[in-house]
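Q: Sequence:
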Amino acid sequence: MEINHYFQPIDVDWMEPLQNSGRQRLGDVIVAHTSSSFMPDPEQFNLAIIGVPEDRGTVTNVGCAQAPDEVRKHLYRLFSHWNQVSICDLGNLKNGHRLEDTYFAFKEVVAELVRNKVIPIIIGGSQDLTYANYLAYENVGRVINMAAIDPMFDLGHDEHELNSQSYLSRIILHQPNFLFNYTNIGYQTYFVDQESQVLMKNLYFDVFRLGNVRANMEEVEPMVRNADILSIDLASIRHSEAPASEQSSPNGFYGEEMCQICRYAGLSDKLTSIGFYELNTSLDHQGQSAFLYAQMIWYFIDGFVNRQHDFPEQDNDDFVKFTLHVEDFDEELLFLKSKKSSRWWMVVGVKDVVSKKYRRHQFVPCSYDDYQAALNQEIPDRWWKVQQKLM
Numbered sequence: 011m012e013i014n015h016y017f018q019p020i021d022v023d024w025m026e027p028l029q030n031s032g033r034q035r036l037g038d039v040i041v042a043h044t045s046s047s048f049m050p051d052p053e054q055f056n057l058a059i060i061g062v063p064e065d066r067g068t069v070t071n072v073g074c075a076q077a078p079d080e081v082r083k084h085l086y087r088l089f090s091h092w093n094q095v096s097i098c099d100l101g102n103l104k105n106g107h108r109l110e111d112t113y114f115a116f117k118e119v120v121a122e123l124v125r126n127k128v129i130p131i132i133i134g135g136s137q138d139l140t141y142a143n144y145l146a147y148e149n150v151g152r153v154i155n156m157a158a159i160d161p162m163f164d165l166g167h168d169e170h171e172l173n174s175q176s177y178l179s180r181i182i183l184h185q186p187n188f189l190f191n192y193t194n195i196g197y198q199t200y201f202v203d204q205e206s207q208v209l210m211k212n213l214y215f216d217v218f219r220l221g222n223v224r225a226n227m228e229e230v231e232p233m234v235r236n237a238d239i240l241s242i243d244l245a246s247i248r249h250s251e252a253p254a255s256e257q258s259s260p261n262g263f264y265g266e267e268m269c270q271i272c273r274y275a276g277l278s279d280k281l282t283s284i285g286f287y288e289l290n291t292s293l294d295h296q297g298q299s300a301f302l303y304a305q306m307i308w309y310f311i312d313g314f315v316n317r318q319h320d321f322p323e324q325d326n327d328d329f330v331k332f333t334l335h336v337e338d339f340d341e342e343l344l345f346l347k348s349k350k351s352s353r354w355w356m357v358v359g360v361k362d363v364v365s366k367k368y369r370r371h372q373f374v375p376c377s378y379d380d381y382q383a384a385l386n387q388e389i390p391d392r393w394w395k396v397q398q399k400l401m
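Quick note: the sequence shown uses my numbering, first residue 11, plus one each step.
Read the hints as simulated data drawn from the structure, not as lab findings. No incorrect hints appear here.
Simulated crosslink set (BS3-like; lysine-lysine; CA at most 27 Å straight-line):
| # | residue 1 | residue 2 |
| --- | --- | --- |
| 1 | Lys331 | Lys366 |
| 2 | Lys280 | Lys117 |
| 3 | Lys211 | Lys280 |
| 4 | Lys331 | Lys399 |
| 5 | Lys349 | Lys280 |
| 6 | Lys367 | Lys331 |
| 7 | Lys366 | Lys127 |
| 8 | Lys331 | Lys350 |
| 9 | Lys347 | Lys367 |
| 10 | Lys366 | Lys280 |
| 11 | Lys395 | Lys280 |
| 12 | Lys280 | Lys350 |
| 13 | Lys127 | Lys104 |
| 14 | Lys83 | Lys117 |
| 15 | Lys117 | Lys367 |
| 16 | Lys350 | Lys127 |
| 17 | Lys367 | Lys280 |
| 18 | Lys127 | Lys367 |
| 19 | Lys211 | Lys399 |
| 20 | Lys117 | Lys366 |
| 21 | Lys399 | Lys280 |
| 22 | Lys211 | Lys366 |
| 23 | Lys280 | Lys127 |
| 24 | Lys127 | Lys349 |
| 25 | Lys331 | Lys395 |
| 26 | Lys117 | Lys127 |
What you are looking at is a predicted structure, and each value in this text was computed from that prediction instead of being measured.
With the hints as constraints, model all of the structure from the sequences given.
A: Rendered as structure tokens:
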């Protein structure tokens, strides 16, 4: 499918000094769609940057439509340390006459990239675009897991309303539904009502409070490794680190923690799209937030380059198997440890019983701590939640 007509080229004025620097910056290696060059064929690349300058779906953060080019200005100046990755920049998605038209174009573009095994790096725009990102997987016919770095759940209060603070409800209620699991990383309890917390529990979704996550950042790795989509709200970062959001608050992740999370995302063989949203340039002091988003994208690329390609989709000799029996529990627990990366997975359910479309979700990323819990006769929470969904 042709997607060229959905894009407009990016401005080249700020790129010219980079091209004369004589050093290998990202601006030298990214093949960009500019007014003086043709749009690159994304099928020839591993990663594709997409700007989506759309903020009609934001609730309070009008101005985030200007973020894509501001982030690019910082990203293109960072040095490239990789020879084994190819990156293109498709330009900025043209806004539709209506917001729904933008969603449609965005959905079609992401679906085409995912079909061709090209990972879109999305620079928004407002976070309601995550809904269109999800719809792309319906086009592909893939049941997915989604993770969000967000201080709240974005469920909204009106199921018929779609905006940056209600898009998750629309995803949950969408039929036919292609969402297997949702993970929230870093929610802040005072931004979340009790009813929403109960809903997350009843749906067997994974939600992790900011304090618990920051106390053990290594545990974020299996959370992110389980996702097909990662959606990042700038408001998840503390105001002192990234002030460019109307929703920013004193608490949140530090910049280096977000870079660590993005590298984990890049390392995950399962993750096939990532979005950076809600950066309001009118609030960005000296471009600090745009600079941080650029560094986070750099770390995502670094993670991608170091992928180990060890997702256990089928039995092979690249894993060490551990079978455990928990007292008073009929089913044995099967753990897999990768010989390549030393990462852990649990296998949930019998593959002959599980529907084919859910088969890939049997392999649940976990940590050594989950294995230790099973040794101590405890059923890991991750295992139990997936089991409930597969039953």
